[in-house]
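J.: So the chains spell out like this:
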Amino acid sequence: MSTATIPPRARGPVRLNWSRALIHFLLLVCAVAFVAPLVMVLAASFSSEDGINRQGYGFLPRHFTTFAYRYVIGDPSQLLQAYGVSMLVTFVGTFVGVFLMAMLAYTLVRKDYVLRRPIGLYLLFAMLFSGGLVPSYILITQYLHLQNTIFVLILPYLVSPWFVIILRTYFASLPTELLDAARIDGAGELRTFFQIVLPLSRPALATVGLFTALIYWNDWWLGLLYIDNQNLVPVQLFLYRILSNIDALATNPQMTAGAGAPVQTVRMAVAILAIGPIVVAFGFVQRYLVRGITLGGIKG
Amino acid sequence: MTAVGTVHHRPEPPDPAGAAVATAGPAGPAGPARPEKAPRPRSRARRRTARRRANLVLFLMGAPALAVLFVFSYLPMAGLVLAFEDYRPRDGITGSQWVGWQNFTYLFTGGDAWHITFTTVFMNALIITATLVTSLTLALLLNEIRDRWPRAARLYQSAMFLPFVFSWVVVSYFVFAFLDADHGLVNHLLTSSGGTPVDWYAQPGWWPLILTLVAVWKGVGFWVIAYLAAILAIDPQYYEAAALDGATKWQQTRRITLPLLSPLIIINLLLSLSHIFHADFGLFYQVPRNSTLLYPTTDVIDTYVYRALTSLGDVGMSAAAGLYQALVGFILVLVANWLVRRRDPDKALF
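Protein chains in written order, with numbering that gives the first Met the number 0: chain U, 0 to 299; chain V, 0 to 349.
FYI, nobody ran anything at the bench for these hints, they're computed from the structure. All C-beta atoms, glycine included, are put in the ideal place defined by N, C-alpha and C.
Footprint (simulated), chain V over chain U, 3 or more residues, beta carbon under 8 Å:
#1 51-57
#2 96-107
#3 111-119
#4 131-137
#5 207-221
#6 226-240
#7 264-278
Mimicking SDA-like on lysine to any residue, the simulated pairs with C-alpha atoms at most 25 Å apart in a straight line are:
#8 V:K248 to U:L21
#9 U:K110 to V:R50
#10 U:K110 to U:D179
#11 V:K346 to U:F128
#12 U:K110 to V:R52
#13 U:K110 to V:A44
#14 V:K248 to U:I22
#15 U:K110 to V:V56
Bound-form chain U, shown alone (with noise of 0.2 Å):
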């Protein structure tokens, strides 16, 4: 988090007292119980089957072996291809969609253009009513014909109306005598978008670009209702399958062809490796992350 969102308030000496330290305290704990199950997955991870099945989870790995890993890893082949739609998935839909939504989100601050009350209701209206699951279900499935296609998995999250505001409400904030001055200068609106508005607005693009990345990343919806294909399946969709799977074997003895298959830290190690990206990205982008959230709520 960048530190000019917290500056020191101005107010004399501090001096420590027993009250402060009791909430620094109780905040500590928090912060701990927050982290708390992250640690406990990583730590089965990286435990033996023997370990779990005998002492149980815990916040120490229990007789630490990747031997997890190295079953996860032995055949990557699924969990690659899984990576591999997600990252499509994220990195398309992350950038079409920012740019689409940036383009609307420009012409609802043009004060002269005749639509811009029309588009704001039309927004304000796709934000609190829906179809529903069952329309949307059957339009794109008898209809679009979308299902089994890596666009089903990319359409529908491509635009949403409170990102669209977050955008306009930046761009409004935007000197307008830079706005002015470029249309003196001849520049179109396009130009006038893509040379001054663009470049100014990073800040915002980011913010809005990370939450988006971060629902396409997380998303097992889509697949759950749509995809069919082995090979369109998205990381999420593919770790479900597995504690589905997973279970399946364990409940049933017959199938259990590979005995002693490693059933509970595998399932963890595969939770690792598919909130790995995330949470390593987590670090660098988080202050953004903020930011966005301030820039959304601080005005309120």
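Given chain U, work out where chain V should sit, using these hints.
T.: Same frame as chain U, but now just chain V:
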């Protein structure tokens, strides 16, 4: 995150100055600007074409996004007529037989509708309240320590935000590590302290509590950041004046911080209210691992519709449930917004 953007979506007051500027300058790619000295009919006509052209360019820029929204938001709304039909794939939406209110009668006489509605609203109310109280408390506490330990405050804030980036599938794994009947941490602790283990995934009574905890754990970090940012935006002079008058910390919080946070709190609650009939499918489907035994307390409208559609294939009734859900939620937010607007237009959503 959905909540935050909407904050700004208010109809703006008409802006005659802006419009004037726009008409005065040549807009669009109509050519270089020329200061108008004597308005002649020809140049006025040219200005009008230039403006029309600029509007066309603007429309084309927005068109792709508008089209995507049209297909994936507005067409499904029109598809809600399915709720009044006996849908058959071969006949399509337009060709299927019209059955009037039959799907609704079926939905409401079965008794399921009341049960899932109650669970949805009850669980959402629990989660909204718990998240609001927790996030406000944590934000206020973080605010207390941040001038003395700024680094620790930032670290804690990060820790609280971390679960926000996990998907519900991953969260269901985490929960499983705690609640698995044989190896889970909770049962492990229970047995080692002499208690009897609980088969969590078969005991519906515990799940309102478990789901609320999980939802708060995953979502509260976002609101902590939002509220903390709003607290930081408060002018320190208020506190200085209050301190001079001898106000205690608690009095300052109650009389300054909370009232100044109320716009954000109200927006948050309004938005939550608009979604109170929509349960988070991931939370209610993935986290209880779709366990049939838990349906009494975990089956919400969204999971019910999903099951009715995918396993029963009952399109008409699922659509009826969806329409009921969308309509009641919509009316609710309109009423709530009207109430807020009547008291204080600045705090209303739209």
